[in-house]
Each structure stands twice: as C-alpha cells, then as structure tokens.
Amino acid sequence: MSSREPRVKVLIADDDRIAAAVLAQTLRRWDFDVTVASDGAEALDQLLAAGAMPTLAILDWMMPRIEGTDVCRRIRSEMPLANMYLMLLTSLESKERVIAGLEAGADDYLIKPFDPEELRARVNVGVRVLALQERLAERVKELQDALASVKQLRGLLPICSYCKRIRADDQYWIQVESYIAERSNAQFSHAICPPCASALEREIEQHKNNRSQG
Amino acid sequence: MSVATDSTAILDLAALERQTGGDASLRREIVRMFLEDCPLRVDAIGAAIAAGDTASLVSSAHTLKGSAAYLKASIVRGHAADLEQCAREGRDADAAAVFEKLRDAIGELLPELHKLDR
Chain H
962 MSSREPRVKV
972 LIADDDRIAA
982 AVLAQTLRRW
992 DFDVTVASDG
1002 AEALDQLLAA
1012 GAMPTLAILD
1022 WMMPRIEGTD
1032 VCRRIRSEMP
1042 LANMYLMLLT
1052 SLESKERVIA
1062 GLEAGADDYL
1072 IKPFDPEELR
1082 ARVNVGVRVL
1092 ALQERLAERV
1102 KELQDALASV
1112 KQLRGLLPIC
1122 SYCKRIRADD
1132 QYWIQVESYI
1142 AERSNAQFSH
1152 AICPPCASAL
1162 EREIEQHKNN
1172 RSQG
Chain B
259 MSVATDSTAI
269 LDLAALERQT
279 GGDASLRREI
289 VRMFLEDCPL
299 RVDAIGAAIA
309 AGDTASLVSS
319 AHTLKGSAAY
329 LKASIVRGHA
339 ADLEQCAREG
349 RDADAAAVFE
359 KLRDAIGELL
369 PELHKLDR
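Going line by line, the protein sequences match chains H and B. Each number in this note's numbering comes from the position in the first sequence (counting from 1) with 961 added on. Each number in this note's numbering comes from the position in the second sequence (counting from 1) with 258 added on.
Please keep in mind that the hints were generated in silico from the structure rather than gathered at the bench. We put the CB at the ideal spot given by N, CA and C, even for glycine. Treat the hints loosely; a few may be bogus.
Derived list of chain B stretches under chain H, where covered just means 3 residues or more per stretch with a C-beta under 8 Å from a C-beta of chain H [as the list claims (entries may be wrong)]: (1) 277 to 283; (2) 286 to 295; (3) 314 to 327.
Based on the sequences and whatever the hints tell you, model everything.
Printed below as a string of structure tokens:
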C-alpha cells in the first residue's frame, strides 16, 4: 500500500472470529502490522503492554469480560499520555451511542459490517493523528533537552579574572568557550577583535624594535 | 468485474466479494468458520430460549447477526437482529417464533455456503 516505515501497529478486538478475520486480513492487505484479541480483557492487556508504541485499536463495542467502551475508559485513565487512536465498532448507529462511545475516550467509530473504503479512509485519519502526535512528542523531548542544557548555564560561575577560564563542576578549569559549548548548542568560531588586533600590532612592533636595538 | 448486489438474496455473492476485497482464501476461511460456528450458535440460542436466559440469548443472537452481516447473508442477519431485539425487550413468545424463521433461513443458507467451501 505504501512505503511507510515502520509499519503501523493495529490491534483488533472482537469475539466474533469471522468479523476479526475479515478486519485483520483487510488491514494486512494494506500493510498494517495486525494483532487480534478475542475479548476486551485481552485487548486491554495488549494495549497496556504497548506502552509508548503508537497504536491504532479497533474495538468491538459488545465483547465478553470488558466492553469496548470500558477498554477506552481504562486506557484514557491509566495511560493519559499514550499515543493510541481508539476506534469503536458498533452495529447500532444511533446518536446516543456515538456520543457515549466518544465520551468513553474513543477517537472514532465504525458501523458493522464495515465498508472497506470507509474503513481505509478512517484508518488513514488515525495513522495521520498518530504520526502528528509522535512528531509533537519528539519536539517536546527536544525542547526539554534544550531546556535542561540551558539550566546548567545558570547560577554562580567561578571565572579566572586573568585568563577567563571557568571552574567546572569537576573542579577543573576549562576555557570559557568549551564550558559553554558543552552545555548548549552554541558553537564558536575564533577571530581577533579590533582592540586586541591593535594591541597585538603594538606588541609585535615593540618586539621588533627591541630586537633591532639589541 | 462489477456484479450487482442483491440484499434480498439468502447470500449476496457480489457483496461478499466486495467485503473480502476479492480475496478468495479469506472468503473460504470465513465460510468455513461460519459452517463450524453456526450449529453451535443455533444450539446456544435454542438452549437460551428454553432456559429463559436473556443474557445468553442476546449474546448468541448478537454474534450470529454480526457473522451473517460479514457473509452478506442478510435474511439470516435480519432474523438474528430481530431475535436479539426480542430478547432485549423480554418478548419470549416472539423470540420463539423468530427463532423458527431463523432456523429456516439458515437451512437455506448452509447449502449455498457448502457450494463455496468446495
């Protein structure tokens, strides 16, 4: 279907093995990485075990042991930050039922038996949302890391008033540019500023004069 | 290939073809599953009606309804849905009558499925 890497994980939970087989085979044909659970409790265990892995779950509403809506509630309450897109399968299309499913924590719903084209379109929405959430989580991590580095540059730093070296946490005196480079994303390019260039010229001139007189 | 669907047929082959994405092995697999599961569901429904066990009747009729829907066996699906509704509403006398219709429809459906399983 596509060259997306890695394959998106999809969990199907349905106690009707015919429904599960049709759904699983359809999604495998579209190159998803599919696993099947035969009731709500098994689905909940697998979703809790998935942890941080982005997962799309298609849950039958009416299942033995734990219903699909209760699986949604448990996941949203126990893993509020998990990147999971939850879809409910229901044989009844009523406004009340749709509202109840979405309020339980589902992101979307499908009417049984699913229409293949509608399934594909709705699953693609789920994949897009999972990818966006993953990218957002990566950006947050980058920002947190950057913030942690910035924090290390705060506070009172012992600096040599002559050579401008800084005493680091390990008590060694290091160049100020090394100290900053290790604790931030800053990089240094070396040059000589005009006042120092003038002073250096004068020093060289003085040295030449001393040599010619000597 | 485009074949008109017939939702009034005991088995709508064109709709089944579309549901399975033209995958003959998937079609055979679910037909075989239905042939295995259907007698068990019918027995469970009969036992639930005899025992007045509403929860079991709802559950068995619901599952049979779902399976028949995927096979595009709309008459069986319709009777199973009626049976589930009777059970939910506590209409025991109606449930027994609907069960008879369901068994008749299954009697028509199974030979058609056996043809596909060959």
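Results for each hint:
With 4 residues having a Cβ less than 8 Å from any Cβ of chain H, the segment 277 to 283 of chain B passes the three-residue criterion, so the hint holds. Counting residues of the segment 286 to 295 of chain B whose beta carbon lies closer than 8 Å to any beta carbon of chain H gives 5, which meets the minimum of three for the stated coverage. For the segment 314 to 327 of chain B, the proposed coverage by chain H is satisfied: 7 residues have a C-beta within less than 8 Å of a C-beta in that chain, meeting the threshold of three.
Every hint from the earlier list agrees with this structure, and none is contradicted.
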